[in-house]
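Novice: As a plain string of letters, each chain reads:
Number of protein chains: 2
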Amino acid sequence: MEQNLPHTISLLARTPAALNALLRDLPETWTLRNEGENTWSPFDIVGHLIHTERTNWMPRARRVLQFGETKTFESFDREGPIREKQGKSLGPLLDEFGRLRSENLDELRALDLRPADLELRGRHPFLGVVTLSQLLATWAVHDLTHLHQISRAMAYQYREAVGPWNRYLGVLQCAGHSSPS
Amino acid sequence: MEQNLPHTISLLARTPAALNALLRDLPETWTLRNEGENTWSPFDIVGHLIHTERTNWMPRARRVLQFGETKTFESFDREGPIREKQGKSLGPLLDEFGRLRSENLDELRALDLRPADLELRGRHPFLGVVTLSQLLATWAVHDLTHLHQISRAMAYQYREAVGPWNRYLGVLQCAGHSSPS
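So the protein lines, in turn, are chains A and B.
Add 5 to the 1-based position in the first sequence for the working numbering, that's all there is to it.
Add 5 to the 1-based position in the second sequence for the working numbering, that's all there is to it.
Chain A with its partners taken away, still in its complex shape (with noise of 0.2 Å):
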């Protein structure tokens, strides 16, 4: 199937209501623990995707917009995400989330994109060309990536308390896969 523009905007505009429900005021034994060394807490990962909102899809798309191929685009900062969560709590994250998203999409939207304009290629520092259609059907797969780990590792913190059904729940069997993005 190909990206819908449409259906990506549906799905983008929801994520941070889905997550606001899930997550606000949930106790910290959920929100604030991960699945082990060099893993993302749910709290951890609404910085991420704040950092992401700022600094790589819509800079991204503009850059495709107004250089194509030939401006690469800026590598991902492995710090941001810390530096957006300092001295925050999650409350405030799911907060600055649902601000950045709405912002973005209006942005998209007043875009008007054309299917013509989702042919556009862009430059990335590993992948080489990509599509503007990729880089926004890619936003919308990463919300769900990241809302795959977070029931993951929510999932994580019951692994014993659930005893012998443990083998039943099939979050509790997934790897992870994940990967640098």
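Hints are not guaranteed to be accurate.
Since copy identity is lost for identical chains, a pair holds within one copy or between any two.
Under the rule of at most 25 Å between Cα atoms (straight-line distance), these lysine to any residue pairs were calculated in the SDA-like manner [as the list claims (entries may be wrong)]: (1) K93 x R19; (2) K76 x G168; (3) K76 x P169; (4) K76 x R172.
Hints were generated in silico from the structure; no laboratory data involved.
Keep in mind that this is a model prediction, so the values were computed, not measured.
Once you've looked at the hints, dock chain B against the given chain A.
Specialist: Chain B in isolation, oriented as in the chain A frame:
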């Protein structure tokens, strides 16, 4: 980590609102498509959650409290979710799930379970002896396993649209890990 009843209830109480925020009025591209033959769409999954809300968690908890290990839990009815969703659209199913969950949590809170109650034992048809604590922890992780599955089923629809980014998106590498429950 042991099951903590207030933490379990906090999570269980949020799932209907999180699914509502994610799925209500979302295009059917996201809600009605699955991951291929014999897999579930988000719509199917909400039907399953309604069915387990009616037949699994609180009925089994009541059976533990009333009969202990002497009366085995009812087996899971694989056709139940199909009946739940027949002729319905997703909005009313989300409403139904929220209503049933709310009623079940009211009943759970009214039981005013003490630590000793949580160690009471029941008998699962395949797993053998399980505790009430394990049953309640499994209720929460069952929500998370299906949130994990919903995010994967949605991402699957854009597995080609993301182009070369697919290798970076963990949710697209997830093998599912599902097993009959």
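Novice: For each hint, tell me whether it holds in the structure or not.
Specialist: Tested hints:
1. K93 x R19: Close inside one copy (23 Å) and across copies (23 Å); limit 25 Å.
2. K76 x G168: Result: close only across copies, 20 Å inter versus 53 Å intra.
3. K76 x P169: between (54 Å within a copy, 18 Å between copies)
4. K76 x R172: Classified as between; 23 Å across copies, 49 Å inside a copy.
When each numbered hint is compared with the structure, no violation occurs for any of them.
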